[in-house]
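Please model the complete structure; the sequences and the hints are all you need to start from.
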Amino acid sequence: MFKKLLATVVITATMATSALADVVLVVPQKPGSGTTVWTEIVAKELEPFLGEKITIKLIPGARDIPGFNKWHNELRFKDDHFMVSHGGNGVSFLQENVDYDYSQYESIGLMNLNIIAAIRADADKNKPSFSSGSGMVPEAFAMTLLICGPNKSVDEYVACFKENVTWVAGMKGSERRLAFKRGELAGTRENPAAFKKHAQPVIDAGDAELWFHHGILDAANARHNDDPNYPGYQLEILFEEKWGVAPSGDFYDAYVLVKSFRDGLQKAIWANKGNPNSAKLQDALRRMSQDAGAMANIAKKVGNYEWLIGADGDQQRDTLMTFVTEDALKNLVKFNTEALKLNSVYKEDLVK
Amino acid sequence: MEIFLAILAGTLYGLIIGIVPSAGATTGLVALFGFIGWFTAFDPYLGVIFVMAVVASSTTGDSFSGVLLGIPGANSAAATMVDGFPLALQGRATEALTAAIVCSTFNGLLWGTLTFALLPWYSNLIMIFGIPELWAFVMLALATVGFVSSKFWVRSIIAIVIGCFIGLIGMDPYTAADRYTFGWDYLADSVQIMPFVAGLFAVPEIVKGLMGSKTVATVKVSQKGQTWQGVKAVWEHKWDGLRGGFIGAFIGFLPGLGGAMSDWMAYGATTAANPNEKIPFGKGNIKGVIGPEGSNNAQKATSMIPTVLFGIPGASFAAIVMALFMYLDFELGTPDLVYDDRFFDSLFIGFMGATIAVCVICLVFTRWIAMITYIPYWVFGPLLLVFVTWACVQYTGGWEDYAIFILCSILGLSAKYFKFSRPAMLIGFILADRIESLSLQMFILYDIPKLLDRPIFLGLCVAVIGMFIYGVFFNKTRLNYS
Numbered sequence: 001m002f003k004k005l006l007a008t009v010v011i012t013a014t015m016a017t018s019a020l021a022d023v024v025l026v027v028p029q030k031p032g033s034g035t036t037v038w039t040e041i042v043a044k045e046l047e048p049f050l051g052e053k054i055t056i057k058l059i060p061g062a063r064d065i066p067g068f069n070k071w072h073n074e075l076r077f078k079d080d081h082f083m084v085s086h087g088g089n090g091v092s093f094l095q096e097n098v099d100y101d102y103s104q105y106e107s108i109g110l111m112n113l114n115i116i117a118a119i120r121a122d123a124d125k126n127k128p129s130f131s132s133g134s135g136m137v138p139e140a141f142a143m144t145l146l147i148c149g150p151n152k153s154v155d156e157y158v159a160c161f162k163e164n165v166t167w168v169a170g171m172k173g174s175e176r177r178l179a180f181k182r183g184e185l186a187g188t189r190e191n192p193a194a195f196k197k198h199a200q201p202v203i204d205a206g207d208a209e210l211w212f213h214h215g216i217l218d219a220a221n222a223r224h225n226d227d228p229n230y231p232g233y234q235l236e237i238l239f240e241e242k243w244g245v246a247p248s249g250d251f252y253d254a255y256v257l258v259k260s261f262r263d264g265l266q267k268a269i270w271a272n273k274g275n276p277n278s279a280k281l282q283d284a285l286r287r288m289s290q291d292a293g294a295m296a297n298i299a300k301k302v303g304n305y306e307w308l309i310g311a312d313g314d315q316q317r318d319t320l321m322t323f324v325t326e327d328a329l330k331n332l333v334k335f336n337t338e339a340l341k342l343n344s345v346y347k348e349d350l351v352k
Numbered sequence: 001m002e003i004f005l006a007i008l009a010g011t012l013y014g015l016i017i018g019i020v021p022s023a024g025a026t027t028g029l030v031a032l033f034g035f036i037g038w039f040t041a042f043d044p045y046l047g048v049i050f051v052m053a054v055v056a057s058s059t060t061g062d063s064f065s066g067v068l069l070g071i072p073g074a075n076s077a078a079a080t081m082v083d084g085f086p087l088a089l090q091g092r093a094t095e096a097l098t099a100a101i102v103c104s105t106f107n108g109l110l111w112g113t114l115t116f117a118l119l120p121w122y123s124n125l126i127m128i129f130g131i132p133e134l135w136a137f138v139m140l141a142l143a144t145v146g147f148v149s150s151k152f153w154v155r156s157i158i159a160i161v162i163g164c165f166i167g168l169i170g171m172d173p174y175t176a177a178d179r180y181t182f183g184w185d186y187l188a189d190s191v192q193i194m195p196f197v198a199g200l201f202a203v204p205e206i207v208k209g210l211m212g213s214k215t216v217a218t219v220k221v222s223q224k225g226q227t228w229q230g231v232k233a234v235w236e237h238k239w240d241g242l243r244g245g246f247i248g249a250f251i252g253f254l255p256g257l258g259g260a261m262s263d264w265m266a267y268g269a270t271t272a273a274n275p276n277e278k279i280p281f282g283k284g285n286i287k288g289v290i291g292p293e294g295s296n297n298a299q300k301a302t303s304m305i306p307t308v309l310f311g312i313p314g315a316s317f318a319a320i321v322m323a324l325f326m327y328l329d330f331e332l333g334t335p336d337l338v339y340d341d342r343f344f345d346s347l348f349i350g351f352m353g354a355t356i357a358v359c360v361i362c363l364v365f366t367r368w369i370a371m372i373t374y375i376p377y378w379v380f381g382p383l384l385l386v387f388v389t390w391a392c393v394q395y396t397g398g399w400e401d402y403a404i405f406i407l408c409s410i411l412g413l414s415a416k417y418f419k420f421s422r423p424a425m426l427i428g429f430i431l432a433d434r435i436e437s438l439s440l441q442m443f444i445l446y447d448i449p450k451l452l453d454r455p456i457f458l459g460l461c462v463a464v465i466g467m468f469i470y471g472v473f474f475n476k477t478r479l480n481y482s
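So the protein lines, in turn, are chains A and B.
To convert, note that position 204 of the first sequence is 204 in the numbering used here; the numbers rise steadily by one, no gaps.
To convert, note that position 116 of the second sequence is 116 in the numbering used here; the numbers rise steadily by one, no gaps.
Take the hints with a grain of salt, since some may be wrong.
[What the hints assert, rightly or not] Here are the in silico distance ranges between beta carbons for each label pair:
{"#": "1", "chain 1": "B", "residue 1": "V360", "chain 2": "A", "residue 2": "M295", "range": "42 to 48 Å"}
{"#": "2", "chain 1": "A", "residue 1": "N164", "chain 2": "B", "residue 2": "L5", "range": "57 to 63 Å"}
{"#": "3", "chain 1": "A", "residue 1": "D218", "chain 2": "B", "residue 2": "F35", "range": "49 to 55 Å"}
{"#": "4", "chain 1": "B", "residue 1": "V379", "chain 2": "A", "residue 2": "L350", "range": "20 to 26 Å"}
Calculated directly from the structure, the hints in this document are not laboratory data.
We treat Cβ as the ideally placed atom computed from N, Cα and C, and that holds for glycine.
See below:
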């Protein structure tokens, strides 16, 4: 009797998630998490243009990797299953043993955005405290470059970071924001929408100031441009102003690599290469992106970012892949493990 | 009319979710994602009312399974269960439930009014409580539960350590590497709260029920008249309820600390304030119900302060509320929202309306719901097990969910058999990552002179030491609850 009941529960739970869907968006997170909410908002706007029902299938797991792996290994071969990934997946792709591989997919569409950092007005910019974590790696690189200057070996940058930056472990996003507001933490960083909400009020109150941003990736030219919303604060511009030369070298290349994979793939929808339904979804997304009402609804909730759809998304991905060089990858892993104490592995196959 | 319907629908939904063992507000709110979008097309403010009604009513509803079955409806109701369940065993379920509901409602109304009426004023107050103060609060919660939940305090400490260890399974916050997973990838995302609570509390009670007594209540007593006795008990012990409410409100106000902690601190304060009781705590003392029940609705109300003002969730349920509100076009923590009077009215109406509605519904029907304690266990025991199992396998739906549920059940059965405090284990589990992260943050950002300069932190540390000394050397009224 109990076995039967248990079996019914299992079958119902498994089937209920995707049985009635025409299109299934797989999200590697729990309900209520950032990418889950983003997907719910976009799916709701996309549905009328697609003319089909979109169901969201959540496959949560550590660092949002198992869900993406499951899609890569099994679900991508189903023509109705598409993957929604985020910038953290991009960083994990570079430095963790994950199964997924962006080169095997085609882009339905992705959002390209920038991350902006703020610092407390009374803090010493050369001795900042900042929340740690794998999602903060580009910021660690950026502040190390700004503090330590040009023409140094990676070992010297590691030593300089250790000497000058207080890297505070174990803070969730909400704790980081509050600690910054309280003044316990010198710096913080946010995407543009969250920056307006959490950091800008502190700046407006005179308690903090804009620190730096990473710039917006221009896939066609494989370079990062200044953000028109925060002009003059791109890391490259600030570095040159402070040190008299443009940033370059092995350490800088590793920085470009990691910031590109995080911010350039901040929110992305993927299909398996050759999926016959890709064109249909790309077309719906394109029409949605041209609809002022739909875009206003999305912008209101998740911010107004550039959409790269279909071939443009593929180009973005291909540009990112050009940043993956042996030296850049090795230096990224070296800085991660030695300075940030992160569990990071060099993936030789990625370079090949 | 629409407002009334939204309150009623939210209240009934929340009540049902609250009553389901091991579920609670967070689970109920997660399930709303499927249809909350309906409100955006109709009237998003009604969605706010509905969500707040679910929050308020599920908190009251979760007392039922704790008192009637010895299984916390949500992890925050575990403290109520310590004296509530023994009262049910004595046939006084209606009295215990009525006391819980009335006390919960009163504090919900009191702190709901204070919260929503004075919301913008609190922003400066939150800034006073930094990382060291939060760390000291967590320590105080551990000390409280360690020394009041069992007379075997050494076993309580061991239970806390076991709970902490299980709570630390997953990702190392410093290195982002997997930790204590024994090579099982599933554990890299931590042991989920649902199977842990269900395994620790629900399964042992269900097994006991199925194997032992034919009904929950060992004595058959008329439920008639108990409603009034429950109301009277709240009036007689009003200071215990108010104290609990104050503690709950204060903990809720501090971001990230959560309900389980406030209930246990309220329970600990109740036992400490009543040292010479005829009926020992843990054996069915009604004050042990009133104290923690004063805390839970107050905590839910004040958790909305950091959530609404800063967009920083005051508790786990509040994180889901934030996401739901975002879906309804209300982005919490943004300056624009502070000027949206209708939004604040909706928060207020939803929470207060449901608090009153759930009280009326519960008081009317409690007498009959309490009859469940006279139903032979074999009738609803298997059904309960199915409910609990269903709740536990909603994470991935895979075999791993079942496996972890079974392992947690074995742990729960062992803890009960060997008299290790299960509430202490639960609080260790819940607070493990907070203990670790706050300790790391405090030692990285603060040195001794800086800490000595913080009077609230020092006061809390003195309280922790006092609790330890009292618990080890002077407390003669420790519970025998495992």
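Consistency of the hints with the structure:
Take V360/B and M295/A: their Cβ atoms lie about 46 Å apart, and the range 42 to 48 Å holds. Between N164/A and L5/B, the C-beta spacing of about 60 Å keeps the proposed range 57 to 63 Å intact. Hint check: D218/A to F35/B, Cβ distance near 41 Å, so the stated range 49 to 55 Å is violated. Under the hint 20 to 26 Å, the C-beta atoms of V379/B and L350/A, about 59 Å apart, miss the expected range.
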